[in-house]
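Engineer: Here is how the chains run, residue by residue.
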Amino acid sequence: MSRPASGPAPAATPGAGRGRTILYWVLGLASLAFALVAPHIFTGIADRHLLVLIAINIILVASLDLLIGGAGLISLGHAAFMGVGAYASALIVKSGQPFIVGLLAAVLFAGLAGLIVGIPALRLKGHYFSVITFIVGIIITILMTNLDDLTRGPMGLTGIPFVKINLFGVDHTFRTIINKVGYYYFVLGFALVALWLRWRIGRSRFGRALTAIKGDENLAESVGIATYRVKVTAFTLAAAMAGVAGSLYAHYAAFISPDSFTFVHSFDLFVMNLLGGAGTFAGPIIGPIFLTVISTGVKALSPALAQIVYGLLLIVVIVALPTGIAGGIKRLSATLDRRKQRGATVASGGQADE
Amino acid sequence: MELAAQLALNALHASSLYALVALGLTLVMGVMDIADFAQGAIYMLGAYTAFFATREFGLSFFIALPLAMLIGSLIAAGNYLIVYRPLRRFSGATTFIAALGLLLILQNLALHFFGADFRIVRAPFVSARVNILGATWTGYQVLIAICAVLLVVGTWAFLKFTPIGTSLRAVAQNRRGALVIGLDPFRVEVVAFVLAGALAGAAGTLASGVNAFDPSIAAIVVIKAFAIVIFGGMGSVPGAIIGALIVGLAENLMAGFVSTQYAELTAFVLMVAVLLVRPRGLMGTPEAKL
Amino acid sequence: MSNEVLRVESLTRHFGGFSAVSDLGFGVNEGEIVGLVGPNGAGKTTTFNMVTGFIKPSHGRVFLFGEEVTGMAPHALARRGMVRTFQHTRVFAELSVRDNLASASHLVERGGPLRTVFGSSAAENRAFEQRIDEVLELVDLTALQHSTAGSLSYGDQRILEIALALAAQPKLLLLDEPFAGMNDTESEATMKLIHRIREGGVTILVIDHHMQTMARGCDRLVVMDHGLKLAEGLPADVVNQPDVVSAYLGAGDEVSSPVTVPSADVVLSVNDLSVQYGRTKALRGASLTLKQGEIVALVGANGAGKTTMLRAISGLVPVAGGNIELLGRTVSGVDPVARVRLGLAHCPEGREIFPRMTVLENLNLGAIGRSSSEIDAELQHVYEVFPRLSERSQQLAGSLSGGEQQMLAIGRAIMSKPKVLILDEPTLGLSPLLAREVGETLMRLNQEGLSVLLVEQNAVLALAIAHRAYVLENGVMALSGPAAELRNDEAVKRVYLGA
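Chains as they are written, first to last, in this note's numbering: chain E, 1 to 354; chain P, 1 to 290; chain U, 1 to 499.
Just so you know, the hints here were simulated from the structure itself, not pulled from any lab data. Cβ atoms here follow ideal geometry from the backbone N, Cα and C, with glycine treated the same way. Do not rely on the hints blindly, as some may be mistaken.
Capping the alpha-carbon separation at 20 Å, the derived lysine to aspartate or glutamate pairs in DMTMM-like fashion look like this [stated by the list, open to error]:
(1) LYS493(U) with ASP225(U)
(2) LYS192(U) with ASP140(U)
(3) LYS171(U) with ASP376(U)
(4) LYS171(U) with GLU384(U)
(5) LYS330(E) with GLU94(U)
(6) LYS417(U) with GLU490(U)
(7) LYS171(U) with GLU199(U)
(8) LYS160(P) with GLU361(U)
(9) LYS192(U) with GLU134(U)
(10) LYS160(P) with GLU4(U)
(11) LYS417(U) with ASP265(U)
(12) LYS417(U) with GLU485(U)
(13) LYS125(E) with ASP33(P)
(14) LYS417(U) with ASP184(P)
(15) LYS56(U) with GLU217(E)
(16) LYS417(U) with GLU384(U)
(17) LYS419(U) with GLU448(U)
(18) LYS192(U) with GLU137(U)
Listed next, the stretches of chain E that the computed footprint assigns to chain U, with coverage defined by at least 3 CB atoms under 8 Å from CB atoms of chain U [as the list claims (entries may be wrong)]:
(19) 134-145
(20) 203-212
Distance ranges between label pairs, derived from CB positions [stated by the list, open to error]:
(21) SER373(U) with ARG176(P): 29 to 35 Å
(22) ARG79(U) with SER95(E): 43 to 49 Å
(23) GLY66(U) with VAL101(E): 50 to 56 Å
(24) ALA123(U) with ARG176(P): 49 to 55 Å
(25) LEU108(E) with GLY201(U): 46 to 52 Å
The following block holds chain E by itself, in its conformation from the complex (with noise of 0.2 Å):
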């Protein structure tokens, strides 16, 4: 059976991939650089704050996009299981254990919680799915409120100890009232964990059955993925992750309460993860950066506005840049690619396309 020389659009070309991957390398490492003088340059206390918000954010989104980029699966009840992740450090640490424990413990109950949700909840399919996922981020913070016995409810735990860790024998502790830089390149370390590992997972076999999902899910039942257990793995996974974010914001603001997960905060992640691009590496580092930037502005002019703002964005988003902003510059480079191959072909004298 004989082809057609030329036709469909190719994802990728070899000869360009090189060039591209030498490119990224360098952004990367660029960026790296950046995020590690960041804190040097932006000297401020209130500029620092949002250093360390930012990096904590970085785990969330790349969490959240394991779910929404590399499943499809549009969880928007996120934030809660930083909550549970974040209470459960803190009341594990206060009671007097290590740091380390608080860290396990979050990743434990934070996991356990997305288990307990994403076993009903992937039941449904689409946007009821979506639908469940805010309901229950909901239900979550009302239990934060009312189980007031364990969580003081309403009023919230104050007095979070501080990270202790042990560095070649001396005990440091992270003091994040007067000194947020240590802090900071702590909680950047777990960010660039948490990016490595959602590149990892999507270049995994179970990320390509995730990938599959997200495609169709009748096929990739049909050539044996287990849709459902795969769906539930990658909900509690998504979870525990976000449960280590909830710890280290616990032991960095040293005050949580369960206004600090609402769903209003899961939809700024949403936010986060679609603007920044879902399902590309950088989509969860672009994200946060730019909303955090965006909404300090904003709440400047009065809190009330900033939801409006938000409001809006999500619309504006979600019908308007559907991939984002690493998604829209991906998109470019490939038909900067396309147009490139073609005046190739066309001037060494080759078969256009018919």
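With chain E's structure known, arrange chains P and U on it following the hints.
Structural biologist: Relative to the frame of chain E, chains P and U by itself:
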């Protein structure tokens, strides 16, 4: 016996308000497959309409009620024309998220203009007492129940007996069949939204005399109503009503015998239970897998 | 006695009151290519869906390699070696061809948390890539491996679909209409591919309508009709059995010919119509006319484009070329609602009644917009034509039998007192007796002045009651002429049975 009667009365009171919002939600869901969370904002604005109408303009509560319904209808129709209709070729997830965006915008516009203070409306007949089977109801609670029953029955009659109501049921049951016999989906959709907006606005107004409110009730009320819709069956009118009755009863049982705090969660527990056992809801229709 | 790979016993599936599949039993032996054939509505796809775990059977059992697998989920069946393709092409449109195959290799790849985080060994990766290369070569898609699946031609997408199934390394491959939308050359090539796959050790079960290709390429055929097994055996034997022939072409030549004489006025004309669904050209430059007082039949094999034609006339699908004139007016761009108001009524395939409303409510909806006296008069007319509906006027439409639902659909359509009635496969799933009743009803309505365009797979009945007929083949008008002539034309038989 008296306790049971009081329980039943309280349950009925809660159910009637839930039923109104759930009914509107399920109608829109059935006709357009949209989870219209913005209706929570309409509920909230219904409450504020009552507040400002009675406080600032000195209008009677009985004028505030139809006024709120009118405003609710207009806002709902506006949402449909400006947001949902243009987005209809996008996926259901997109429209849902747009609905959330609308909810956020409307809730925060209210916050910006009305402030975060809790308000309550001085309702008529609050001091009157009525004794039913040994349980006591305030006159206003009786009024709420009467209004709710009238609205629900009226909606049911509208759907069953009017041509446009029948068209609405037809589009919800089989959209392709409806198109083929010349039913205009646009008209039906507008009517669905207008109806839902009126119901939500009415519910908000009725509730404003009993519970103190601030803009944040928008989200709280709509998610509970949604849980009821899912529990009763998405798109099912009897499901919404029966779901509301069951949830109202279960909530009050929880509050009476277990704890008031967890009573709030009853609707959600029922929703999760139904999802695990019978995902289509009590009275919903099964969805095909392929 | 070779190994039995698949056995189906007493397989049955009900949908409400309607039996899509009844007591079906057959087997597939190792290394065979078995074809499951039958006219539209015979129950083939429902059978497939039951065997592959997408629908649960009402009764009956399915055995795979001797193990009972009835009702197991599709992924569990894939794990046991059975993989299927789908009737409407399913590929991962956003991914490249190669990435498509990578995702489909799930069963054959090794995973686990360590490999997820740290990657597989170099040897495993090499084997992984090699497996993909092999599949690409088998289906001849190597040249296109980096192309986005969504941008491939229709034919290549169908091939990719088969390739995806192969990537899961099945022992039993179920192909759902692999030749749909293909011309003879493409079908031949695909059948050759299927033979290559069989040579690689895979047993194959195929559903399709391209009788010519199926008869030539399959080892054995199982013929279904009305949910039952009609015949089974070698293709040469089966194709010429009279009950098979009549199942495909239909029965009903006992119906008398039309007595009305149509006028010369044209009420509906379709000129050079082209309709495209994505990449598929469903209609290519097709034309037909319907005169006042006529019954025109539009026949052809499944997938020929008949339903598309009716949908285009009603305005339910966008038109890529050509135009349509209804009662003298060009209706391109006119929305479906307005066309109904102009005097067009459409009785769609599958009836599309409102199941949770009563018969009376369904009928009343058909007359939306008319005055109540008009509605009453028309209702009387409908009850006269369909006495059974009058008996059941308060019954919920969803609980009616198939034949009664069809009556209801036609009744609903004529409630608007249309001038032109178009019907899509009204006898689908009906017994020959009921089919004849439908035919006689249409003739009666025609005598009352209604112009009818009838789409039917049951060519014999349609040609018996029509004045003129058109034959559609692969989106193109192949034949046309007076129905009496076409009734005896061997060409019609060829179009359906390929023989």
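Engineer: Which numbered hints turn out to be false for this structure?
Structural biologist: 3, 4, 6, 10, 12, 19
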